Amino acid sequence: MTARVGSERVELFAKVSHRRRATRDATCDVSLHDVRESGLACRVFGREGEPAGFASASGVSTSEAEWVADRARTFEGRASGSTPEPSDLAGERWDLDPADSLPTGDSLIALVRERKAVEWIELGTTVEILIGSQGWMACRRRNRAWLLGSNGRGEIRARRGFEDLAEQDEDAISSIPPGGIVPTSLVLAPSASGALVSALVSAFHRSNEQCGAGLDVDDVPAHEEGLAGGAFDDAGFPTSPRPITADGYWVPFEPGPGNVWRGSFRAPPTPGTSNLVVSPGKPASHGDCLRISKCRVVPLGRDVWVLDLETGQGGPRFAARVDPRAVSLAPIATLGPAVPTATGPIGPHLVVDGGLLGLREIV
Amino acid sequence: MSPDPPDSIDAESVAIAEAATLLPRGDQRAHIFLEARVDARLDLDSEGGRNYVETRTRGVAIAGPRSLHVTDPDPRELPALVRGAEPSPRRDVSRHPPLSLRTRERPAWRGRWSARIVQFDQKIWVGREEGVVFDRRRSCRLSVRVGTQPEARDELELALDPDDPRWPTLPDPQERPLASPPRGPFVGVFAPGAAGVMAHELFGHAREGDVALRRETWIASVDTTPGVPLTVIDAPARGRAGWRFDDEGTPSRSVVLIDQGSPAGLLLDRACASALRTESTGHGRRSSYMDPIRPRMGCTYIEQGHDDPDEVLSGTRDGVYLRRLSAGHTDPVTGRATFVVTDAARIVNGSIDQTFAPFVIMLDGRDVWHSIDAVARDLRFDSSVGSCIRDGQPLAVSVGGPTIRIGLVKVLA
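Taken in sequence, the protein lines are chains B and S.
The opening position of the first sequence corresponds to residue 1 in the working numbering, with each subsequent residue numbered one higher.
The opening position of the second sequence corresponds to residue 1 in the working numbering, with each subsequent residue numbered one higher.
Hints in this document: simulated from the structure, not taken from any laboratory.
Bear in mind the structure is a predicted one, so any value in this text is a computation, not a measurement.
The beta-carbon is built from N, C-alpha and C at its ideal position, and this holds for glycine as well.
Not one of these hints is a red herring.
Facing chain B, from chain S, some residues (calculated, C-beta under 8 Å):
(1) V70
(2) P87
(3) M290
(4) V360
Same shape as in the complex, but just chain B (with noise of 0.2 Å):
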C-alpha cells in the first residue's frame, strides 16, 4: 500500500485482525463469532514540533487511505507530532509473535462445551503495520486470548499466545477464609489489583510521591506475556522498560520516544504506558485476611476517590472516601507469581493494608 505523499511527512497506521470467540449464551446454547477487523489512521506531519494532522477509518483499500490522508490534511483533528527520523529506527523492525493459526471455531465451540465452567473463550491475532513516507517502517503481530469463568467472580483471564487458558489452575489464593468483621488485610486477586495499579499510575506517574512497598512497578513494553507494548511504540520508535516506582516512591514520567501508544487505531497516539508489570516481592505472611476479586476506583476529584470492593460469590463488601495518596501508601506486599490480567497490569496478588483505606463494611 502506498499514500500519495509527495514532499509530506506523512504516516500511515493499519491494523488488521481476526478473532473468534465462542460464548455461550442465554439458552446454554455455544455460539462463534468470527471477526475479521481493519482500519487506517493517517498523520500528517507539519512544522517540527507542532502537532500532526489526524484521521482513522476502517478498511484498508486505497480509497481508504487516500480519504484519510486528505482528512489528517486539513489538520482538524490534532495529534503528537512525534515520529523517527529514519537513523532513529532500529535495526529490528519486526516484532513478530508465531504465525500460529487461530483454532478452528468447532475447537473453541468443543472446549465451550465440554467445560462447563467456561462462559466464553477469545483467541485473536492483531497485525499493525507503521508506513512513513521513506516506506515501510516497522511491523507487529501479537496473539492473544481471553477468557471469562463462570465461577461467578466475573474475572477475565487473559494471555499471549494460543495456549489453552481453560488449563490454567484456578486461583490458588481463593482458599484463604473471611478475617474478621472489617479486615486490615486485604488480598487483591491480580485482577482487582490491575484495575488498582492502572488507576494509581494514572493519578501518580507524573509525581514523584511516596508509595506503599509492596507497589515495585515498572514499564515494560516488551514484555514477553504483555497483551499490549511491543520493540517499538506506535510511532515506530523503539522502547525499553523504565521504572514507575523505586525504592517505595514513584518515578516522574518523561513521555518522548518509546513512550507513545494509541487505545485503538481510531485514537491518535499519546504519551503512556504499555505493560505496567507489578514485581512479586519477598514471600509475605498473609495470615487471615480477605480476598477481594473486584475493585472499582471512582475518581471524584483531585483528592477524593471512592473504593468499591468485593469478595464475591455473596461474600461482604466494602468501601471507602479516601485520599489517593493514602491508597498509594496501602499495598504493603505481594502474594504469589505475576500473572497477565484483562484489566492490563502483569502482576500478583497484592496485599493491602486496609486500616490505611478507613474501610467500612457495605450492608
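Chain B is already provided as a structure; the job is to place chain S on it using the hints.
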C-alpha cells in the same frame, strides 16, 4: 416483517436481499446486518483549543449460530460470504456526507470552560428471508464543564438536534462552597430526569431478556406489593438515539417493564424470544457490526404520576435533593446499584439548603420498590446524556423520569 426500503433502491439493499435468500431457513437468529456509520467528536475550550476527529465505519455481520463479522466487504461478495467463502480486501468504498459539526462556530460563553460534542450518524440495512429493512440512527450530545476547581465545577449535559446543533446558554459559573457528603441513609428526592438513570440501572438491566433467562434476577424474588406507584417503560423509538427497527430487522415497540409495582415485560431479541416461545420486542442491538446481538435498552423512563413536584419537595422534612447522577453500575442478580452523584443538595424542612460535594450512593432495588412514596407529574428526558456499556458494547441510550421520592438511599462513600 414488512420491508421498509430506503429512499431509493440502493446497491446495499439489492445485494443484501439477494444474499438473504441464501440464509438458513427457520433460524430466528439468521440475518445480514450492514452498517455505514460516521462518528465525530469536537473538543473546545475557553483557551482557544479545538480538536475535531471524525471516523467512518462500514462493516457487515452475517449472523446465525456461526456469525461472520467483516470490515467493509464488497456488497457483491455477500452471497459468497453467506456460503462460507473467505472475505477478500475491498477496492473501493462509498462515503457518507460530512456531519454538521465541522463548521460550528465557537460558543460565546464567559469564564473558563471545556466542552465536547459527540455525534454519530448510523445507517443500517438488515436482510432476512422476508426482505430488507433500513433504519437510520442519529444522535448529538453536548457536555460542558464550567469553572476551575475539579470538585466544584458545574457540569451540563444536553441532547442536541443532530441537524442543527446549537450552543445553549450557560448559567454563570459558580465557585460555590460545597458541604461534606451526607452520612448514613437518607430520604432522596430525585429531580425531574435524574431518576431515569436509576430506572435504567436497577429495573432495565434486570428486565433484559438474556439476563433474566440466564440467572434469577432480584426482581424475580421481590415481594410485589399492590399499590406501589412505580411504572417503568422502555420505548426504543423515543429519545435522543431512537430506532424504528432493531439490528435484527424487528420493528421496535414499547415494553412496560414494571407495571404499578408488578414485574411485567422483558426486553427481547430474537434468540431470547425464541427461547421463551414468543415474539421479539425489537430490542436486539449490537454496538457495531463486530459485536453479537444483545437485548438492550433504548429510552427507559419512569412514567409520571399525579403528585405536585413542589409538594414532594416541601413535604420532605430532612433529605437530599439529587439533581444529577452520572456513572451507574449494577448487579442485576443482587439488585444493588451504585451511582456517582455529581449535583445534590440537602433538604431542610422542605427547602433546598447546602450543595454537597460529589459522592457515591448505593441503591437496593428492594428498598426502592418498597420505599418509593411519591411520583410527580413532571416527566423529563435526557437531563443526563450518556452511553450504556454492557459486555464491552457501548450504546447511546436515553433516560427519563419525573420528580420522585425514595425513603432509603444509602451513601456508599
